[in-house]
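Undergrad: Mind docking these for me? Both chains are given alone in their own frames, and the hints should help you get the complex.
Residue numbers (the working numbering), protein chains in the order written: chain A, 1 to 534; chain B, 1 to 317.
FYI, nobody ran anything at the bench for these hints, they're computed from the structure. Just to be clear, a hint being listed does not mean it is correct.
Unchecked claim - The following label-pair restraints were derived from C-beta to C-beta distances:
id : chain 1 : residue 1 : chain 2 : residue 2 : range
1  : A       : Arg491    : B       : Val22     : 29 to 39 Å
2  : B       : Gly75     : A       : Gly298    : 56 to 66 Å
3  : A       : Thr410    : B       : Trp146    : 24 to 34 Å
4  : A       : Asp232    : B       : Ala202    : 53 to 63 Å
5  : B       : Gly66     : A       : Thr306    : 41 to 51 Å
6  : A       : Pro413    : B       : Pro96     : 30 to 40 Å
7  : A       : Asp232    : B       : Gly75     : 28 to 38 Å
8  : A       : Thr410    : B       : Gly248    : 46 to 56 Å
Said to hold, decoys possible - Every beta carbon over 10 Å from chain A, so not counted as near; a handful from chain B, in silico:
id : residue
9  : Arg67
10 : Ala90
11 : Leu153
12 : Gly166
13 : Asp173
14 : Val186
15 : Val195
16 : Ala216
17 : Arg217
18 : Gln259
19 : Val300
As the list claims (entries may be wrong) - Away from chain A, derived, C-beta distances all over 12 Å, residues of chain B:
id : residue
20 : Leu18
21 : Arg43
22 : Gly75
23 : Asp89
24 : Leu99
25 : Gly125
26 : Val152
27 : Pro160
28 : Tyr167
29 : Leu221
30 : Asn234
31 : His249
32 : Ala292
Positions of the beta carbon are idealized from the N, C-alpha and C atoms, including for glycine.
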Amino acid sequence: MRRTAVAPAAVALMALTGCSSLQTSATEVGGVRMTDERPVRDGGTLTVALNADPDKLDPTLAQTLVGRTVFSSMCEKLYDIDQHGTVVPQLAAALPTTSADGRTVTVPVRKGLTFSDGTALDARAVVTSLLRHRDLPGSARGTELAPLRAVAATGPYTVKLTLQQPYVPLTGVLADRSGMVMSPTALKKYGKDFTNHPSCVGPFRFAERVGGDRIVLVKDPHYYDADRVHLDRVVFKPIPDGNVRLANLRSGDIQIGDQMSPVDVRSALTEPKLQLFNSPSLGYQGIGLNVGNVKGLGEKPGRIDTPIARDVRVREAFELSLDRALINKVVYQGMYEPACGPLSPQSAIAPGEPASRCPQRDIDKAKRLLREAGVSVPVAMELKVSTTPEQSRLGQVVQAMAKEAGFAVTLRPTEYATLLDETDAGRYDAFTSGWSGRLDPDGNIASFLRTQGAMNAYGLSDPDIDRLVERGRTEADPAERTRIYAELTRRVRAEHTLIYLYRQKNYVVASTSVAGVRVYGDGLVRVRTAGYTR
Amino acid sequence: MTTYLLRRLRQSLLTLFLVSIVVFAGIRALPGDPALALAGEERSPEALAAIRASYGLDDNVLIQYGRFIGHALTGDLGTSSRTGLPVADAITEALPVTLELAALSLLLAVVVGIGAGVVAAVRRGRPEEWLANAIALLGLSVPTFWLGIVLVLTFAIAVPVFAASGYVPFGTDPFDNLRRMVLPAVVLGSGLAAVVMRQTRAAMLDSLSADYIRTARAKGLSRRAVIGRHALRNSLVTVVTVLGLQLGHLISGAVVTEQIFVLPGFGKLTIDAVFTRDYATLQGVVLCTSAAYILINLLVDVLYSVIDPRIRLGGAR
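Just chain B, same shape as in the assembly (with noise of 0.2 Å):
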């Protein structure tokens, strides 16, 4: 097990390397000059000029990626360009937005997707699967945009349940938080529970019709232990890789989540950066991002062995 983790780490760290080199590269491949976006409407070459030449932006590529490799790995991600502010600083003020939006929402995720795809399996043929199917579809299809506005609508305008828009930090005041987060999470969870729903009830489906599951109910166990402990254990394998893949997706679905509520995570941080060309945000952002992405697809993996330990990791051979 040791051993296969040292290898999957160094393969962790490889990949990152790569991501730097691509993020670097690709925005720098963005059409429109940093220098520009930075004068804005005010533009004249001598200002350009010195904005270029502070930001190191006349310098060779090799250079400038050189520059910020070196200053990355001491943990200095450098300065944006726009606002001044030291890179490094934006992210750890961002980072707890993300991660709490993205938990929250997995934990709806999984709550509402698994409860539904087992009571949709179980029921098969009966209104309770029609329903929770109906929802499923309409989860995955509404638009993100549209739900975030509509809830605000209802819940923060008409019945002002919840908050709009806005971060308090769950150290200041937890119950406000929870006012501010809720609505957020339930837009970002609510594509991924379908999703989890869909997954479940198949791999229930599959796993309510095997031999193993026939063998425990001859043998006289409960409902309760052959559905819990037999049928939904052996499914929630192709759950987890479906959740771990989908993390993914939670991360990039904030970008929009947070453009509606407004809140200063990672999404709001990224989008801010791409329409300034604040190169050093952007780069900062990017990478930290892969390398979260990185980290829970190790994570993925690790607790597949948890779960059914008949999955045999490579460090064992």
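Pulled out of the complex, with its shape left as it was, chain A reads as follows (with noise of 0.2 Å):
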């Protein structure tokens, strides 16, 4: 409902301010602003900073967030998202087909497409990626291709996908890197070797990467749509500290920042030479609460003796200290958006609920709740926070508010891997839990509230969520599904055991020299259609 509002009004936002300077747009952070329509000349490398080095270049093993910024330029998937969250086609020539049992998905491949390597692409090339996708060991793909028992051509631009049972997050997935067709040639040439030559159908091709410094990808001549491609190069160059991607912007040495945290964001506003893109993302950011994980992931999940654990009324009072906006005011510069269940109000296929409608902070009744509980007061509980000065921040104030209703919480800095390997493992009373964020509301839900999911780290068990999360993977109505999602919401909102806090946005600062750069929900940077203003 949210997005149908802001969407004209965004619209209508960037028709009237084409060149706004990062002030203009600063006066609505709050508001959305996804490109710049100005008309750009051909020529010139753009610079593009990533928050972090993405790690493999091959569609079926990479795992970053950054690593698909680096592919949106140089590996086109058989699906894309628009700027309203809608899957269109992209490889594809048009939407996949699905059968009336749901079993068998018909997929049309896009004729007269040349992969850079100057391979063509057919059904025969999409199989291959997709069965490479599901089997390779390995892959970072298997889990969400899993549900696919085969992969044929039944012609020579039509692949037909075979199901164990109805799959409807599929066109979701081939929307993401599961979607991404590699060059067969490439593959059979370089094999595991393929990420240090990655070929794909894109408008850039891969050049050169140095580790740790920068990836290279230069216009594309095979490229169906050259003649839209503006840029002869693309400079990918990971620099993690936010400062410094802010000096780098304001100095000119790189023209996009990726990733900007909303203090950065803040600190550029004052600078005319700067504008700022901005999309709503579809993943969460909260507090997950160990309610049972005492063997690690995957395993049966067991009885943890402490009163947050052991009572649901604790963890609803803990949840009631909170004051969402409060957090978003006081950690983020009111930058982000309060929170409360998995699904992003901006999701396109099954729209969460908005943060109007989010649980208000109610101290008496969180005292209330633990005097019927009858546990002592103070509420002991470690809070394992990752070593970001934001996340240190986060945890400060939560500390303080949890504080009033009765809980003595303890913040543990945990440096990133680490923290994994101990949440995992389930050595912890509660960390800050986040998640990128996925198309299909299935990404955001299936593995982390599924009993023995593969990112349930709380422990969480509950029969109705598990049979919520298996009808909402097998029904294709659209109308139907966001019932079952509502539904499922409000069951793990009870539970308390994962608390929905807020939702980042994502934040790119660039030079007002350039134009045509695309900011969308998936918090992907498009440059396909970028270029420096004429």
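TA: Listed below in structure tokens is the structure:
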């Protein structure tokens, strides 16, 4: 509902402020600005700063969000999303058709397309890629493509996917890395070393990578829409420190800074040479409480004897002690969005509830619940936070708020890899848990909330939730799906195990000399049509 | 001298071997599973198992160590688990950057530090000494990160004389290379310059009050000859020792400096490897840094004898 209200306003605003500086757009920091339509000239090199060095440039093995940004310029997918978060065909000629029983999906492939190494794209190339995504040892796509029983080319440009059971999230999955098609010639030639010689269909092709320093892509003459590609080269540079990214934007050494934090965006507001893009994220951030993870991920949940794990009233009291709006204001300069469920209100497939309907802080009720639960106050708990300045601020605010209701929260800043290790193993009371978000609601829910789910570090186990997750995956009717996920959200909220707090926004700062950059809800920076202004 | 060198080389190799064991064990003692760090946001048990298998993380630690050292002896430092690129390539690309940065910082520290130290000692009790001391104190106390950001804001943004980031090899474009390297060298070298200044000043004050200086003056030697040939030369032994010890700090200081100026050197490589538990890269980098450290110590020992022939090396016995 909110999306329909915001999108036309954003479009109108973009039209009005075609060459708006950051200052202009900053006045509506809460709004949305996904692109800048000023005309651009041909030629030039664009340098994009990422907040981390991408991992392998192999769509089957890749795991990072920054890697997805690099792929968006060199590896097109069967499907993509548009600015409204709707799935649209990219390498596919049309949306897939599904058989009545939901077990056969047919994908038509576009004709006349060529990979960067000159190989022609056809149905067989798509089959090769899909099977590799599903079967290659170490594939990061294996889980999401597991329901795929068989893939076959039924014509030169038609692919038939046979499923073990109806699997509605499939289209969303094919709009991400599982839908990327790799050149079969390059796969055959390089095998596992494809990561150092990636070849796909895309506006730019891979030229060079210096680990930790840069990934260079150059304009691909084989690309079907090469006439609309303006830049000669795109360079991706990992610059983890937000201050340093900002300093480089100011000095003009880089033209685009990805994943800027609210603090950095605020301090960039004064710079007339910079402009701001932002889009709402499909993910969520919150606090996960350990209610049954005693043996680690994927193991049967057990019993944990702490007040917060034992009694749902204590967890509810903890949630009621937190003020989402204030957290957003104090920690994130009011630039993120309070949230209380796994689905973003912006999600095109099954929108979640708007922030206005989140429960309000209620200290009296929290204290009453603690009394009813018969626990001795203060209830001690340890909250693990990662070591970023933002996360420690978040921890401190949570600590102060929870104290008023009768919780003694100790903070344990933990470096990210260690944090994952300990929370997956179940060695924690509470931790700040987040997810960058997926197009299909199932991607935000199934692995986290299902009993023994691959990322259910909370030890949550509820037969009703499991049943709803299953129904959500197999229900084709969008209206019914929305109802299922609304019910699921209510169930999850009643458990108070994963306490959703806010949704990040994707903030991208760019030089005003650059236009045509696109920032959509999936958080990727698209530079296909970008260029320097005339 | 040759015997001495051989003995020192043998000791160095033994040290390097011990370092390799410590590094190997130390990295594995870190909490945080590399497979988890690699899998990142999306981690299914199957994917984790496959990652562990493909990097041999399931094997016994002794087998892993044997494999590592066996390959290392042939110059193969393995493949980065994160990027899939060969570690040896990453090190070959990063090494010139850090070496140039360290060399420029050292040059700066030597020229500025020794110069200021001599002035402070010679002009004792005057404003020049006070000024040199104050600057040295500042150089020692200012945090690297802060100094780096301030210099970027001043000399790359407000007055864009230098570049804020990036690296261009000297061979490709010497001018552009220096434009990018001066600020990092200043940041990295400032602390060392301060240390060198203080050491030089103290050693010079010692020398200047020594008997042989009085003798030299009495012989009627020029002021320049007394300070330069006699006092400074004798003071340099202490300074060289300090420089040798500080070189290690230079390399560790490069970690922060390279982050600020986005230089693709050893420091940046190390940090990235630590955060992603990239065992192969981390082992390779630490091993190479240790080798460099050992080599520097060796060079410092040899330099002693060049500066001051009175220092007898063990080989003579």
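Undergrad: Decide, hint by hint, whether the structure agrees.
TA: Hint check:
1. A:Arg491 - B:Val22: 29 to 39 Å: violated (52 Å)
2. B:Gly75 - A:Gly298: 56 to 66 Å: Hint violated: Cβ distance 40 Å, outside 56 to 66 Å.
3. A:Thr410 - B:Trp146: 24 to 34 Å: Between threonine 410 of chain A and tryptophan 146 of chain B, where Cβ atoms are some 30 Å apart, the hint holds.
4. A:Asp232 - B:Ala202: 53 to 63 Å: Holds: the Cβ-Cβ distance is about 57 Å, inside 53 to 63 Å.
5. B:Gly66 - A:Thr306: 41 to 51 Å: Holds, since glycine 66 of chain B and threonine 306 of chain A (Cβ atoms, about 44 Å apart) stay within the stated range.
6. A:Pro413 - B:Pro96: 30 to 40 Å: Check passed, 36 Å falls within 30 to 40 Å.
7. A:Asp232 - B:Gly75: 28 to 38 Å: holds (37 Å)
8. A:Thr410 - B:Gly248: 46 to 56 Å: Since the Cβ atoms of threonine 410 of chain A and glycine 248 of chain B sit about 37 Å apart, the hinted range of 46 to 56 Å is violated.
9. Arg67: Non-interface label on arginine 67 of chain B holds, nearest chain A Cβ at 18 Å vs cutoff 10 Å.
10. Ala90: Given a closest Cβ separation of 5 Å, the condition is violated.
11. Leu153: Nearest chain A Cβ is 7 Å from leucine 153 of chain B, so the label is violated.
12. Gly166: Answer for glycine 166 of chain B: violated, closest chain A Cβ roughly 6 Å.
13. Asp173: For aspartate 173 of chain B, whose nearest Cβ neighbour in chain A is about 15 Å away, the distance exceeds 10 Å, so it holds.
14. Val186: Holds: least Cβ distance 16 Å, greater than 10 Å.
15. Val195: Consistent with the label, valine 195 of chain B stays out of reach of chain A, its closest Cβ about 26 Å off (over 10 Å).
16. Ala216: holds (52 Å)
17. Arg217: For arginine 217 of chain B, whose nearest Cβ neighbour in chain A is about 53 Å away, the distance exceeds 10 Å, so it holds.
18. Gln259: violated (6 Å)
19. Val300: Holds, because the least Cβ-Cβ distance between valine 300 of chain B and chain A comes to about 30 Å, which exceeds 10 Å.
20. Leu18: The claim holds: leucine 18 of chain B sits with its nearest Cβ about 27 Å from chain A, beyond 12 Å.
21. Arg43: violated (6 Å)
22. Gly75: Non-interface label stands for glycine 75 of chain B: nearest chain A Cβ at 18 Å, farther than 12 Å.
23. Asp89: Non-interface label fails for aspartate 89 of chain B: nearest chain A Cβ at 8 Å, not farther than 12 Å.
24. Leu99: holds (16 Å)
25. Gly125: Holds, because the least Cβ-Cβ distance between glycine 125 of chain B and chain A comes to about 42 Å, which exceeds 12 Å.
26. Val152: Per Cβ check, valine 152 of chain B is inside 12 Å of chain A; nearest 5 Å; violated.
27. Pro160: violated (7 Å)
28. Tyr167: At about 7 Å from chain A, tyrosine 167 of chain B fails to clear the 12 Å cut-off, so the statement is violated.
29. Leu221: holds (52 Å)
30. Asn234: Since the minimum Cβ distance to chain A is about 44 Å, asparagine 234 of chain B lies beyond 12 Å and the statement holds.
31. His249: Given that every Cβ of chain A is farther than 12 Å from that of histidine 249 of chain B, nearest at about 21 Å, it holds.
32. Ala292: Since the minimum Cβ distance to chain A is about 19 Å, alanine 292 of chain B lies beyond 12 Å and the statement holds.
Violated hints, listed in ascending order, are 1, 2, 8, 10, 11, 12, 18, 21, 23, 26, 27, 28; each of the other numbered hints is respected by the structure.
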